[in-house]
Every structure is written in structure tokens, then in C-alpha cells.
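Participant: Counting in the UniProt record's numbering, the sequence shown runs from 1 upward without gaps.
Honestly, the hints are just simulated from the structure, not real lab data. Please read these numbers as outputs of a predicted model, since none were measured by experiment. Incorrect hints may appear among the rest.
Stated by the list, open to error - Restraint ranges, calculated between C-beta atoms of paired labels, are given here:
(1) R181 / A135: 28 to 34 Å
(2) V134 / G10: 29 to 35 Å
(3) R128 / P222: 17 to 23 Å
(4) N23 / G142: 40 to 46 Å
(5) E204 / M1: 31 to 37 Å
(6) R19 / T144: 33 to 39 Å
Unchecked claim - DSS-like mimics (lysine-lysine), calculated; alpha carbons at most 27 Å apart, straight line:
(7) K257 / K44
(8) K150 / K67
(9) K257 / K67
(10) K40 / K257
Built from N, CA and C at the ideal position, the CB exists for glycine as well.
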Amino acid sequence: MIIRDCSVEGIRIRLQHHRAGRNGILLIHGNSSSKEVFAKQLEKLMKTGLGVVVPDLPGHGGSDDSKRPYSTYSFPGYAGILGSLMRQIGYRSYHVLGWSLGGHIGIEMLARDPAVRSLLITGTPPVRLNPVGVAAGFRWTGVTALAGRKHFRPEDVRRYTSAMMGIRLPDDHQFFRIARRTDGNARLWMVANGMAGCGVDQVEAVSTSDRPIAVVQGAHDPFLRIDYLGRVPYRNLWHGRPVMLDGGHAAHWQSPKAFNEAMMDFITTH
Numbered sequence: 001m002i003i004r005d006c007s008v009e010g011i012r013i014r015l016q017h018h019r020a021g022r023n024g025i026l027l028i029h030g031n032s033s034s035k036e037v038f039a040k041q042l043e044k045l046m047k048t049g050l051g052v053v054v055p056d057l058p059g060h061g062g063s064d065d066s067k068r069p070y071s072t073y074s075f076p077g078y079a080g081i082l083g084s085l086m087r088q089i090g091y092r093s094y095h096v097l098g099w100s101l102g103g104h105i106g107i108e109m110l111a112r113d114p115a116v117r118s119l120l121i122t123g124t125p126p127v128r129l130n131p132v133g134v135a136a137g138f139r140w141t142g143v144t145a146l147a148g149r150k151h152f153r154p155e156d157v158r159r160y161t162s163a164m165m166g167i168r169l170p171d172d173h174q175f176f177r178i179a180r181r182t183d184g185n186a187r188l189w190m191v192a193n194g195m196a197g198c199g200v201d202q203v204e205a206v207s208t209s210d211r212p213i214a215v216v217q218g219a220h221d222p223f224l225r226i227d228y229l230g231r232v233p234y235r236n237l238w239h240g241r242p243v244m245l246d247g248g249h250a251a252h253w254q255s256p257k258a259f260n261e262a263m264m265d266f267i268t269t270h
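Please build the complete structure, drawing on both the sequences and the hints.
Facilitator: The following block contains the structure:
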């Protein structure tokens, strides 16, 4: 893997990249996170023969903050930038693996971009973008409320990041630094835009697309209503049901062996 920068719509995007080509896989991280959250998946993915692209979203990690936060920090804004990034570096067909916010962006891309070949989501309930629809898929807690908070206090960083990762992290862990670095406008506008209906109807998107969709999910996710995932009327759901693993919101980090087995099975058969 190499680290490189690309300029997309005037924003410098930092990414990890393996193997140029026309076919690839795009990994999209979650809110107040970064590309490093997929460290446990990269070795396996590099053996597929596909190009692997792992960017930091605008306002996250090593990428620049947006000068137009109200438009960039939305599901369509992120999806447009990532689609442009993949075209810019030469990919014409690619799988998408999205975690949490990354899964919502992936659903947006599935609905809008024919280059998306398949979609694997984890920690992501497909919802209708209004308060009622969001409440159907998410549990509302004090930690959930932090997802849209512009300013993080030190205790907010610890509570939110620990809940996202589902494990106790040492005080100097990079994920706390990454959360502190995140542009607060990215949280504020992502949630505000989603609640205001900025983006596709995600339930309709997954129930009408004929491209393969996998749901690989931690069974103890504190953010999601787990039973909701089984009620979504996916049109082409792998195995016909969500694949449930041990772990919480970040099953790919907490249960990497089981997650990677499911990931590789899905990607290599589609």
C-alpha cells in the first residue's frame, strides 16, 4: 500500500492505494474516524487481485476540511467526491465496503453510480432520511447524540470513540487523536443534512437495486436497532439475511477473523 494525495473538487484527499487498474474495492470509514480503521482488512484484500482504495473522507484524517461544509458533508456530497476519486485514479467498476457513515455513503453511491459493483455494509441501517425513518433504525442515546455535535470535549472524544470501536482503548490510542482532529462541521452538517432528507431514500435504494448487498453486523451494536436490519426489504441480500457476528458497532475491528471471512467470500463471488 502507498499513501498518496489526490485533489478532488478542490479538496485534497489522503488515501491508501494498492494496485492500479480498472476494477477495485473502495473502503469508506465512519464518522470521526479515518482510513486506519480498516488496518485489519488490508492484508486479505490485497490478495484479491483488485485495486484497493482507502481514503480519508473530507474533514477527517489526513484529508482537508471542506470550505463548503453544508454541501460536502452530506451523503450526496461525500458520494460525489468518492465517485470522482475512483474515476480519477482509473477505476471503472468497484465494490464498496462501508462502515457506519461509510455504509450510508455506500448506499448513496449504489443508487447513483453504475460503477458500483456490490455493496457490503456494517454498522449501517438503511433508513429513510427523516426523523421518523432515522429513529426506526437507530437507538437514541446520549452517545448517539454526539454523532452530530460540532464541538467535542475531551470526555466526548473518549465516550464516542469507545462506543464506536466497542473496546477499551489506551489513553494514547490513535483513534482518540483522529476523533479530535475531525472537522466538527463534518458531524454537524452530516446529521443535519441527513435529517433534512438530503440524499436518496436508503430503504428504497436497497429494495430496488439488483446489485448484490451484504450486511455483516456486530450483534451487540449500541447504536442500531438490530431487529430493524432484518425487516429491511433488500432486493438482493447475500444469504438472504444479515450475517451476525460477535462484537458491537465495529465488528470488522472487534471480530476481524470472522468479518474478513465473510468479506472475502462476498467479494470474491461477486
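Participant: Against this structure, judge whether each hint is valid.
Facilitator: Each hint, compared with the structure:
no. : hint                    : verdict
1   : R181 / A135: 28 to 34 Å : 30 Å, holds
2   : V134 / G10: 29 to 35 Å  : 30 Å, holds
3   : R128 / P222: 17 to 23 Å : 22 Å, holds
4   : N23 / G142: 40 to 46 Å  : 43 Å, holds
5   : E204 / M1: 31 to 37 Å   : 36 Å, holds
6   : R19 / T144: 33 to 39 Å  : 37 Å, holds
7   : K257 / K44              : 10 Å, holds
8   : K150 / K67              : 16 Å, holds
9   : K257 / K67              : 39 Å, violated
10  : K40 / K257              : 9 Å, holds
Violated hint for the displayed structure: number 9, the only one.
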